[in-house]
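Engineer: Protein chains in written order, with the numbering used here: chain C, 1 to 247; chain H, 1 to 295.
Think of the hints as simulated: they come from the structure by calculation, not from any bench. Mixed in with the good hints there might be a few duds.
A short, non-exhaustive set of chain C residues, derived as facing chain H with CB atoms under 8 Å [as the list claims (entries may be wrong)]:
| hint | residue |
| --- | --- |
| 1 | 72 |
| 2 | 90 |
| 3 | 105 |
| 4 | 108 |
| 5 | 143 |
| 6 | 146 |
| 7 | 151 |
| 8 | 152 |
| 9 | 155 |
| 10 | 170 |
| 11 | 196 |
| 12 | 197 |
We put the CB at the ideal spot given by N, CA and C, even for glycine.
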Amino acid sequence: MAGEAETKADGKEPDGKQAAGGGQQAAEGPEAFPVVDCDELDPGFREEVAREAGGENIRRCFQCGTCVAMCPVAEHDARYDPRRIIRMVNLGMRKQVLSGPGIWLCSGCYNCFERCPQDVKPTQILQAIQHIASREGHTHKAFKGAIGLLCQRGRLIEVSEFDNRARGKLGLPGIKEDPEPTKKIVVHEKIDERAAESGQRAAEKKADEGGRAAGQQGSEGAEGKKEPGPAPGTRHPAPGADKEGSK
Amino acid sequence: MKEYALFIGCTIATRGLNYEVSSRKVAEAFGIRFADIPGFGCCGYPMSHVDHDTSLSIAARNLVQAQERGLDVITLCSACTGALTKASKVLAGNEKERNHINRILRESGAPEYRGKVKVTHFTRVLYEWIGPEAISKRVTRPLTGIRLAPHHGCHYERPAYLFDGFDSAKRPRSLETIISAVGATPVRYLNMERCCGGDILAIEEKTATKVVNSKLRDIKDVGADAMVLHCPFCSIMYDEYQATIEEAFNEVYKLPVLYLPQVIGLAMGMDPKKDLGLNLNNVKPKALLARLGVK
Ligand code: SF4
Ligand code: SF4
Numbered sequence: 001m002a003g004e005a006e007t008k009a010d011g012k013e014p015d016g017k018q019a020a021g022g023g024q025q026a027a028e029g030p031e032a033f034p035v036v037d038c039d040e041l042d043p044g045f046r047e048e049v050a051r052e053a054g055g056e057n058i059r060r061c062f063q064c065g066t067c068v069a070m071c072p073v074a075e076h077d078a079r080y081d082p083r084r085i086i087r088m089v090n091l092g093m094r095k096q097v098l099s100g101p102g103i104w105l106c107s108g109c110y111n112c113f114e115r116c117p118q119d120v121k122p123t124q125i126l127q128a129i130q131h132i133a134s135r136e137g138h139t140h141k142a143f144k145g146a147i148g149l150l151c152q153r154g155r156l157i158e159v160s161e162f163d164n165r166a167r168g169k170l171g172l173p174g175i176k177e178d179p180e181p182t183k184k185i186v187v188h189e190k191i192d193e194r195a196a197e198s199g200q201r202a203a204e205k206k207a208d209e210g211g212r213a214a215g216q217q218g219s220e221g222a223e224g225k226k227e228p229g230p231a232p233g234t235r236h237p238a239p240g241a242d243k244e245g246s247k
Numbered sequence: 001m002k003e004y005a006l007f008i009g010c011t012i013a014t015r016g017l018n019y020e021v022s023s024r025k026v027a028e029a030f031g032i033r034f035a036d037i038p039g040f041g042c043c044g045y046p047m048s049h050v051d052h053d054t055s056l057s058i059a060a061r062n063l064v065q066a067q068e069r070g071l072d073v074i075t076l077c078s079a080c081t082g083a084l085t086k087a088s089k090v091l092a093g094n095e096k097e098r099n100h101i102n103r104i105l106r107e108s109g110a111p112e113y114r115g116k117v118k119v120t121h122f123t124r125v126l127y128e129w130i131g132p133e134a135i136s137k138r139v140t141r142p143l144t145g146i147r148l149a150p151h152h153g154c155h156y157e158r159p160a161y162l163f164d165g166f167d168s169a170k171r172p173r174s175l176e177t178i179i180s181a182v183g184a185t186p187v188r189y190l191n192m193e194r195c196c197g198g199d200i201l202a203i204e205e206k207t208a209t210k211v212v213n214s215k216l217r218d219i220k221d222v223g224a225d226a227m228v229l230h231c232p233f234c235s236i237m238y239d240e241y242q243a244t245i246e247e248a249f250n251e252v253y254k255l256p257v258l259y260l261p262q263v264i265g266l267a268m269g270m271d272p273k274k275d276l277g278l279n280l281n282n283v284k285p286k287a288l289l290a291r292l293g294v295k
């Protein structure tokens, strides 16, 4: 039954592309929807997400689909489906969720958040999952780039001399880049190391598979298991259950 | 006169000069003083997809800069508003979390955050503190007959718990109220609350452009002279990307995209170029300006 819920959950066709969270069999025809393999399930995964800041309410989801109906991304990209991702977490499909591309497609608009009848807070659930994925070396390459820029400039966009001249012409004050304070936080939290690690892992994987997985971010198979990552929930316990989520 | 620390963020500083200059001019006209704080950097929003503590700490580090000057923060970018408000609210109400973040700040050489700085989007200040009546009184060039489609976007009023519900999170109306106050006609369209997709532009460009296209089409369906918004990300998506999207989807929109302060400034008789930077908008609002008799 669980498998059925997963494969037929929303009746959408994945246009031959990967399903949300479906790291396996990337872009390989109709099997693109994630298959539930009981031997692969990690029943502790939902507790792990629930311990993460923002993930507290994951168990409340009753799969109504309101979040999907509200989602501007799901409307245009069949690979993305917040309900399916939440279901996969609750089933324990840890590996597929963390290494798949689906979790990075949330645009963070909070439309689902405001309308979920169970107060699951899907927007923050997605972020909580992204945080776990990043800790395990799956930081999306776009954010790896952002981390690099923050360390280099303390900002996401360079302010060049040319920019400052344009600002001056409009009577706007010049801006001097000062990366140090931001960089120190990034280094302290080691997110730059993790991002580098994930780049390395992707390269290794590529070599492993003889280039077959070119362009695929995130790892599969035995490699994911060797993961020396921190024990679930030890590094980032949600400090105080009454934090941001509660109203 | 009320003074705020102006948080410009990364995007406006280089790609939203029209927004910045018009905001400064309009603020000045209403007696709001903006203090420029050299220590401000990235707001921490991009890291909200990577790590909870990092994102909060980067945001808190910025709040500390304002705290040292004894000022509250005013924001122009909605993503900055979201990240900084989250830090401000979470750290004000939760001592345990504040101590945790302060430990990170201390170990990275930043001063302690005491949890008192408030963060407000400029539009909210105009809407709540200045108010539509006061804005209306300053109108010298009413935008009568101009149809404007508001786009509130996200992180300005959503999630509601961060913004005290000052405007509805499901059906916000503050932009419409201000549009009416300057004599223009607010236009309603399908799926008004949907976002610009800017957050996934770097993740999945194709999907992001589809999200943008669907809103441009919804607005085209009802007909509007321009779109009005208040976030540089939204502007990049609808204004900078518009030509690309027209080509990709074989559509013609030619929909000018204006920042709210540009609209208010126009109605107050300000100079479209020098004061409002309208020449920097990608889709030129020429027809609209001609109708107002502005050159
Ligand atoms: S709206 Fe809430 S309860 Fe319904 S499927 Fe989405 S997360 Fe689950
Ligand atoms: S917050 Fe994410 S999942 Fe929710 S509606 Fe927006 S894009 Fe979709």
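Engineer: It remains to establish, for every hint, whether it holds in the given structure.
Structural biologist: Hints, one by one, checked against the model:
1. 72: Holds, about 5 Å.
2. 90: At about 21 Å, which exceeds the 8 Å cut-off, the nearest Cβ of chain H leaves the hint on residue 90 of chain C violated.
3. 105: holds (6 Å)
4. 108: Since the shortest Cβ distance to chain H is 5 Å, the answer is holds.
5. 143: Holds, because the Cβ-Cβ distance from residue 143 of chain C to chain H comes to roughly 5 Å (cut-off 8 Å).
6. 146: Hint holds; residue 146 of chain C Cβ to chain H Cβ min 4 Å, cut 8 Å.
7. 151: With Cβ-Cβ at 11 Å, over 8 Å, it is violated.
8. 152: violated (11 Å)
9. 155: holds (4 Å)
10. 170: holds (5 Å)
11. 196: violated (13 Å)
12. 197: With a closest approach of 13 Å, the residue 197 of chain C hint is violated.
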